[in-house]
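There are 2 protein chains.
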Amino acid sequence: MKIIVVYDISDNGKRNKLANELKKFGLYRIQRSAFEGDIDSQRVKNLIRVINGIVDIKTDIVHIIPLGIRDWERRIVIGKEGVVGEWLV
Amino acid sequence: MKIIVVYDISDNGKRNKLANELKKFGLYRIQRSAFEGDIDSQRVKNLIRVINGIVDIKTDIVHIIPLGIRDWERRIVIGKEGVVGEWLV
Numbered sequence: 006m007k008i009i010v011v012y013d014i015s016d017n018g019k020r021n022k023l024a025n026e027l028k029k030f031g032l033y034r035i036q037r038s039a040f041e042g043d044i045d046s047q048r049v050k051n052l053i054r055v056i057n058g059i060v061d062i063k064t065d066i067v068h069i070i071p072l073g074i075r076d077w078e079r080r081i082v083i084g085k086e087g088v089v090g091e092w093l094v
Numbered sequence: 006m007k008i009i010v011v012y013d014i015s016d017n018g019k020r021n022k023l024a025n026e027l028k029k030f031g032l033y034r035i036q037r038s039a040f041e042g043d044i045d046s047q048r049v050k051n052l053i054r055v056i057n058g059i060v061d062i063k064t065d066i067v068h069i070i071p072l073g074i075r076d077w078e079r080r081i082v083i084g085k086e087g088v089v090g091e092w093l094v
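Residue numbers (my numbering), protein chains in the order written: chain Y, 6 to 94; chain L, 6 to 94.
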């Protein structure tokens, strides 16, 4: 299934760590703090475990939102989605 | 239709301005830089115009993603979605 993951994490180290984990799950960065990609439901459970191990739930918040492919294709992008790769370093 | 709006805007003033505009469109903050809500397609056009008037497309990026209500209800939240009101000030 397709998901987007959007996060608001105050600590730089934790934020970078989560970004690296999301890449390992095969997700793609669409913004500094947002990823999208395809993942099966079993791996979503693993992902939730990983996220729980990184974030501070007192201060941070992460949304995992399932999304139909049609809906994703209908997204509107204002700005340069294409240069998102610059943040992948 | 239901949408989520996720943004990455470097300038503090512009970021706050966009947040205020999104509230005026009746959307609800779910994270520091993410809103959700219901909006008809005519008003989405107005919203796009407003966003284009605020952001710097050389540095900023905004996604407007349509979403089925079922998908939204299936979202997973790690952290305190309930305290999101603190950011509404």
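Fair warning: there could be bad hints in the mix.
Identical copies go unnamed one by one, so any copy, or any two together, can satisfy a pair.
To be verified - DSS-like, lysine-lysine: derived pairs with alpha carbons at most 25 Å apart:
1. Lys63 to Lys7
2. Lys50 to Lys22
3. Lys7 to Lys85
4. Lys19 to Lys63
5. Lys63 to Lys50
6. Lys85 to Lys50
I should point out that these hints are in silico values taken from the structure, not numbers from a laboratory.
### Message
Run through the hints listed earlier and report the numbers of any the structure violates, in increasing order.
### Response
1
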